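Keeping the supplied structure of chain A fixed, place chain B upon it in accordance with the hints.
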Amino acid sequence: MSGFWQRRRIPLAWLLLTRQPARLAVALAGIAFAGILMFMQLGFRDGLFDASVTVHKLFDADLVLMSPRTMSSIGMAGFPRRRLVQVMADPAVVGTTPVHWNLMLWRNPETRRTRSILTIGFEPGDPLFTDPSLRAKAHVLNQQGRVLFDELSRPEFGPIASWFRQGRTVETEVAGKRVRVAGLVALGPSFGADGNMLTSRETFLRLMPNTPPGSIELGLIRLQNGSDPLLVAERLRQTLPDDVAIYTKQGFEEFEKNYWRSSTAIGFIFTLGAAMGFIVGCVIVYQILYSDVSDHLPEYATLMAMGYRLINLLGVVAREGLLLAVLGYLPAWFAGQGLYALVRSGTKLPVYMNNERSLLVFALILAMCMGSAAMAMRKLGDADPAEIF
Amino acid sequence: MFSTLLATHTPPAAVEPCVQLRQLNHWYGSGSNRRQVLQGVDLSINPGEVVLLTGPSGCGKTTLLTLVGALRQVMAGSVRVFGVELQGSTRGQRQQLRRSIGMIFQGHNLLRCLSAEQNVQMGADLLPDLGYRARRDLARQWLRAVGLEDHLGKLPHDLSGGQKQRVAIARALAAEPRLLLADEPTAALDSRTGREVVDLLKGLARNQNCAVLMVTHDPRILDIADRVVRMEDGQLMDSGQGERLWGADRLPDTGREAAEG
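Heads up: the sequence lines are chains A and B, in that order. Reading the first sequence from the start, the letters are residues -16 to 372 in my numbering. Reading the second sequence from the start, the letters are residues 24 to 284 in my numbering.
Just chain A, with the same shape it has in the complex (with noise of 0.2 angstroms):
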């Protein structure tokens, strides 16, 4: 330590950066406009994968029975709900939970309006989700007309957790049939639901009553302690028909996610948005740092008539780059943090600030600025020493 304390020498990159400082801070924020539209753009993507499965995390279930015309959550085909009966053959399976799942038009109780909103049916006494505190209030479902409201659904479709809250009955039509909210749920939306609704079987069939009979959209399966998922799908294959296929729960998640990233434009379209944020930001570097080794030409000139090898300056230019990267992704992920918030608040979307986020932005500026350093390197050959003289 004390070696490296001896051997260093005058921060010149640090120097020659900061010696104007409102060019330092006119680069600090084109590169930190750069980072930030690539973290809006990653987060929105990956937001919308993760909010594509919001409700699938929440199931409990180990295995997952659909259609295999099933294309994602926005266009679920039903199967044969005797499958189910089948699977509980396997010595694994514990239990096993029909889900009728469809998007139906809620209307706004206040403004009258229409929007969709994902409907679940279920049987109240079975298991759905994870969280305990839904088999509590599931029981409210056994009358007929009742549903449980999530609670986290875009505003849209009205002040229904406040009025519930309240203590007013609170009515409204969903597909053209009266529905009373019985009590509340957090779910979540995704990019294909705004809000989500829970009801129980009966009341799903009420309202859709084109359902075919004895058709489910989703087959939740749970296996004994101790089964390897896997293991337990292969089997299952092997014995059910081809008119269902059989998903581990990440398997299940990974299935939706797929959907967006690569059977819509979405993914690529963000990904896309990110990419333009880092073709920006290395024309901002570039600029700036062509423009600090053009204004420093005389100074390297000198440096390397004393003696300085080229390689010394090439270094303080890509110190400069590293400077630019450190100092412009630090506001960055700052301003990345509240502009989720932001999001989130007004979206409801799942974004949050990841590690894996941070470290590929911080990546990608760092790629950005040293590669443009690398480009602006390329002007320091115009250092003649024999022209100060």
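Hints are computed from structural coordinates only; laboratory data are not their basis. Quick caveat: nothing in here was measured; it's all calculated off a predicted structure. Hints may be right or wrong, so weigh each one.
Here are a few chain A residues that face chain B, going by a calculated C-beta distance under 8 angstroms [as the list claims (entries may be wrong)]:
hint: 1; residue: R(-8)
hint: 2; residue: L(-1)
hint: 3; residue: R2
hint: 4; residue: P281
hint: 5; residue: T285
hint: 6; residue: A288
hint: 7; residue: M289
hint: 8; residue: G290
hint: 9; residue: A369
Pairwise CB distance ranges, derived in the manner of DEER restraints [unchecked claim]:
hint: 10; chain 1: B; residue 1: G81; chain 2: A; residue 2: I294; range: 28 to 38 angstroms
hint: 11; chain 1: A; residue 1: R(-8); chain 2: B; residue 2: V107; range: 20 to 30 angstroms
hint: 12; chain 1: A; residue 1: R292; chain 2: B; residue 2: G184; range: 28 to 38 angstroms
hint: 13; chain 1: A; residue 1: R292; chain 2: B; residue 2: G81; range: 24 to 34 angstroms
The beta carbon of each residue, even a glycine, is placed where N, CA and C say it ideally should be.
Okay, now just chain B, sitting in the frame of chain A:
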């Protein structure tokens, strides 16, 4: 203080020239645009010798300095500096050699973002095996030697032209050069400071056995020269003691020539 700095160095006994130019030719451009700048220049400079190079503007003095300073590739002829032949040398060889050569430019070329002390330390940083504190102390000592001990932390734009030039001189000397090339080092200095600076350079040559090749139009500093070399049209005309070469009839031109650089 300056004498203290120099006292640590013992002049070597070697008398072999540290700079040897043989039939040096140099030109700019090619074909019909070719302009011959140096023609058959022969010159030797011994360690510890102070040589003043004078002549009209455009006669090739600066080109000669840049060739001796390993700043340019030698086109024709031979340039040997400390025994290293620069004809056909690589960029790396020239860069390595430049570490032994101190250069004082007419334009001071200080780094604008560095203080006077830091500028001088950039020279000291080239010395191997010296810790940070030692390099910083060396920089302070050289600034003291040029009378700028009260200006250590000042940036170049806070210094006068003469002060900047003295910082540049201290920077060149801080690298402990064995050969010092100077282009009009006293042009921006008043007579008293100019005298102090040339005395300092003379002392460096004497005590540190450092050869000095100085381009100048300043007749006030002739007395420090061991030899004055006059150049015209790319050729060395004659050499000898200053007063003889610098006849009184030439003196009125010196101010104009200095201004032209």
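Now the hints, each set against the structure:
1. Checking A/R(-8) against chain B by beta carbon gives a least distance of about 6 angstroms; that is within 8 angstroms, so the hint holds.
2. The interface hint given for A/L(-1) holds, since its Cβ lies 5 angstroms from the closest Cβ of chain B, which is under the 8 angstroms cut-off.
3. With a cut of 8 angstroms, the hint placing A/R2 at the interface with chain B holds, because the nearest CB-to-CB distance is about 4 angstroms.
4. For A/P281, the suggested interface contact is upheld, since its CB lies about 6 angstroms from the closest CB of chain B, less than 8 angstroms.
5. The closest approach between the C-beta of A/T285 and any C-beta of chain B is roughly 4 angstroms, which is under the 8 angstroms cut-off, so the hint is satisfied.
6. A cut of 8 angstroms between beta carbons decides the hint on A/A288: the least distance to chain B is about 6 angstroms, and the hint holds.
7. A hinted interface residue such as A/M289 counts as satisfied when its beta carbon comes closer than 8 angstroms to some beta carbon of chain B; here the least separation is about 6 angstroms, so the hint holds.
8. The interface hint given for A/G290 holds, since its Cβ lies 4 angstroms from the closest Cβ of chain B, which is under the 8 angstroms cut-off.
9. For A/A369, the interface hint holds, the least distance from its beta-carbon to any beta-carbon of chain B being 4 angstroms, beneath 8 angstroms.
10. Remark: the range hint 28 to 38 angstroms for B/G81 to A/I294 is upheld by a beta-carbon distance near 36 angstroms.
11. Take A/R(-8) and B/V107: their Cβ atoms lie about 27 angstroms apart, and the range 20 to 30 angstroms holds.
12. At about 30 angstroms, the beta-carbon gap between A/R292 and B/G184 stays in the expected band of 28 to 38 angstroms.
13. A C-beta distance of roughly 32 angstroms is found between A/R292 and B/G81, which places it inside the suggested range of 24 to 34 angstroms.
Checked against the numbered hints above, the structure breaks none of them.
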